[in-house]
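Each protein sequence line maps, in turn, to chains A and B.
Each residue of the first sequence is one higher than the last, beginning at 1 in the working numbering.
Each residue of the second sequence is one higher than the last, beginning at 1001 in the working numbering.
Think of the hints as simulated: they come from the structure by calculation, not from any bench.
Note that the coordinates shown come from a computational prediction; the quantities given were computed from them, not determined experimentally.
Warning: the hint list may mix true and false statements.
[Claimed, not checked] Partial chain A-side listing against chain B, Cβ under 10 Å, derived:
id	residue
1	Gln18
2	Thr63
3	Gln76
4	Arg78
5	Ile79
6	Gly91
7	Thr117
8	Leu118
9	Ile159
10	Thr174
[Said to hold, decoys possible] DSS-like cross-link-like pairs, simulated, lysine-lysine; straight-line CA separation at most 30 Å:
id	chain 1	residue 1	chain 2	residue 2
11	A	Lys3	A	Lys72
12	B	Lys1145	A	Lys169
13	A	Lys169	A	Lys156
14	B	Lys1087	A	Lys3
15	A	Lys3	A	Lys156
16	A	Lys72	A	Lys156
[Stated by the list, open to error] Residues from chain A that face chain B, not an exhaustive set, calculated with beta carbons under 7 Å:
id	residue
17	Asp15
18	Val128
19	Pro157
From the three backbone atoms N, C-alpha and C, an ideal C-beta is built for every residue, glycine too.
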Amino acid sequence: MTKPSLAVWKLASCDGCQLTLLDCEDELLTLPGVVSIAHFLEASSAVQPGPYDISLVEGSITTARDAERILKIREQSRILVTIGACATAGGIQALRNFGDIAEFTAAVYASPEYIDTLATSTPVAAHVPVDFELRGCPIDRRQLLEVLTAFLAGRKPGIPDTSVCTECKREGRTCVMVADGTPCLGPVTHAGCGALCPAQSRGCYGCFGPFSGANVPALAGQLRQCGMGDDAISRVFATFNAAAPGFADRSRDEPHQ
Amino acid sequence: MSHTSRNLVVSGLARVEGEGALRVTIRDGQVEQAELNIYEPPRFFEAFLRGRSYTEPPDITSRICGICPVAYQTSACNAIEQACGAKLDPPLAELRRLLYCGEWISSHALHIYLLHAPDFLGYPDAIAMAREHRDIVERGLALKKAGNAVMESLGGRAIHPVNVRVGGFYRVPGPSEFAPLADQLRRALELALETARWVATFDFPDLELRQDLLALHDPGRYPIERGTLATTGGLAFTPSEFPGHVTEQQVPHSTALHATLDGHHYLTGPLARYSLNSGSLPPAARQAAADAGLGPQCRNPFRSIVVRAVEIICAVEEALRIIDGYHRPDRPAVEVTPCAATGHGVSEAPRGLLYHRYELDGDGLIRSATIIPPTSQNLAVIENDLRRVIAAHLDQDDASLTALCERAIRNHDPCISCAAHFLTLSVSHR
């Protein structure tokens, strides 16, 4: 029996989510026993042609070229999994969606006429059907292994769509918002990191984006009670998942210069 | 004489961070064009940093690069703390260096074992290399894991650590928390020494950099998380003077902006750091450098893999020194009061100097931001290396010459994801 083939692709992103695969130091050398790594430019100059059984896609769509490219990637992939906040929500570069791209370009580049970019940064699922979206900025290593294992076994990945609070409680941590009055996005943020920030005496800053049951207006009231002003509240939602449904309404409130 | 033309094109460069392409044209035995094209999409960080709070750049700019997030966090903190006149308590400054050591160990181990060594040993990747040299690749992964363990232990996670803030940290570890890490690092020191002995046995093509080298200088110790600037040409200046010396220019033959230092091309990164600071290496790293045949300077980019191995030893030694002398600081962070001012911050990312500048208003909101990543500064030298390597090996067939060109690029561990947010992007259709 031939091994299923794996391809890893990069769009607009920081490389951190595909690096998560290379950060599986204990599992990396067992990977070739279960999959054939057919396309992973960051790690290998040996590239096999498609079709591929599983494609992992990092990054968002921000150029016409990538909008074309994702169609071809989808065509060649039996299963397409998007990994990380850029691929699943547009990433922090989606802050352009609330601003003026011409002004953004002029602010950064001396010769803006050379810049080939779209006015928006959009998730992969806005362009092609996606079989699974794994959240996080960056994604969690254990969750990545779970998703790969699940698709290789032909089962649904066991990735709970719940809040960071549930993980925090399970870890037995004291609530930073209740005990210390520290603003925390845990109640609205998708679980998966293991409640890392509260473990560092810090409020969650939402890098996994909203879970499906997020009640953002209720949390906003709570954040106000912690002493945050409206501008600051808008800013905390306008980061790595700014364009995600649930956070986007808040992000839009942010005053842009 | 008939005209001959050769074109070498690699549309997707492998084993580099980010998306780039190589284009070379040789006509009548002359290198007509040698370009490292960037097609990584721009992400506009400097634009959307405007209007953000002075507390936000460490988290936001770490997302420029998943390979060197600590470098972004550190240069951002350095710049904002300078603007606000804040100075870290010495134990907090040591912890900042410790976190950065973790990134050096991890990033350098990644580059040596997974990206660069396969070039020297003739494999497409480390997984293929592991079929014949499993113990070697396992050593590299163990070393990389030790670097990640430093960042996980102190930073909360290895990619985009969560425990860094302007002024220090959210939480500082208790004294016993570092004990398992110290054991892991002591084993890592052995692995790092073995790494240096291993890479020293590789064959290195001849190439001698002629350009000025620019690196940080931190009196008495190898520069990592702070310092002032120095060049091999004898120039010395402060981070605030950086914009007066380094300017970015558009060059007609390339789509990229190239940085110049007082009008000249220059190189940052391991070769520059080593050549300017080899006398400040801690003992084991200094001995390993001598054993590996490195002199006080190293100007052959192919040998950068040896310098990286020496720098891993340095980072492990420094991490152990900091952990061994660790007492829990009195407070996790110093107070930083925002004011209307401009701050400049520098640090040594694994692949070279990273400069940040922030202009704040009286409410602590960012009025403007400038970020100059190492790869943008190194692009001109990388292209220059390409021309010289090609000119010296014109007798090779296209496949070998292309492979050599890719190696010449990988020598500098370019991070195209970092570079992209400020490089111009245009696709030439010819």
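So, going through the hints one by one against the coordinates:
Because the smallest distance between the Cβ of glutamine 18 (chain A) and any Cβ of chain B comes to about 8 Å, under 10 Å, the interface hint for this residue holds. With 10 Å as the threshold, the beta carbon of threonine 63 (chain A) comes within range of chain B, its nearest partner Cβ sitting at about 5 Å, so the hint holds. Against a cut-off of 10 Å between C-beta atoms, the interface hint on glutamine 76 (chain A) is violated, since the closest Cβ of chain B lies about 15 Å away. Because the beta carbon of arginine 78 (chain A) sits about 22 Å from the nearest beta carbon in chain B, more than 10 Å, this interface hint is broken.
Taking 10 Å as the C-beta cut-off, the interface hint given for isoleucine 79 (chain A) is violated, the closest approach to chain B being about 21 Å. Interface hint at glycine 91 (chain A): satisfied, since its Cβ lies 8 Å from the closest Cβ of chain B, which is below the 10 Å cut-off. The criterion of a C-beta within 10 Å of any C-beta in chain B is met by threonine 117 (chain A), whose closest approach is roughly 6 Å, and the hint holds. Taking 10 Å as the C-beta contact cut-off toward chain B, the hint placing leucine 118 (chain A) at the interface holds, the least distance being around 9 Å.
Proximity of isoleucine 159 (chain A) to chain B is violated relative to the hint, the smallest CB-CB distance being about 18 Å (cut-off 10 Å). With its C-beta approaching chain B no nearer than about 13 Å, threonine 174 (chain A) sits outside the 10 Å limit, and its interface hint is violated. Distance restraint check for lysine 3 (chain A) and lysine 72 (chain A): the Cα-Cα separation of roughly 22 Å lies within the 30 Å cut-off, and the hinted pair is therefore satisfied. Between lysine 1145 (chain B) and lysine 169 (chain A), the direct Cα distance comes to roughly 28 Å. Compliance with the 30 Å bound is thereby established for this hinted pair.
Simply put, lysine 169 (chain A) and lysine 156 (chain A) have alpha-carbon atoms about 25 Å apart, close enough for the 30 Å limit, and the pair holds. For the proposed pair lysine 1087 (chain B) and lysine 3 (chain A), the alpha carbon gap of about 56 Å is over 30 Å, so the pair is violated. The suggested pairing of lysine 3 (chain A) with lysine 156 (chain A) holds, with an alpha-carbon distance near 20 Å, which does not exceed 30 Å. As the CA atoms of lysine 72 (chain A) and lysine 156 (chain A) are separated by approximately 25 Å, the hinted pair is consistent with the 30 Å bound.
Contact between aspartate 15 (chain A) and chain B, as hinted, is supported at the beta carbon level, the nearest pair being about 4 Å apart and thus within 7 Å. The beta carbon of valine 128 (chain A) is not positioned within 7 Å of any beta carbon in chain B (closest approach about 18 Å), and the interface hint is therefore violated. For proline 157 (chain A), the shortest C-beta to C-beta distance to chain B is roughly 20 Å, which exceeds 7 Å, and the interface hint is violated.
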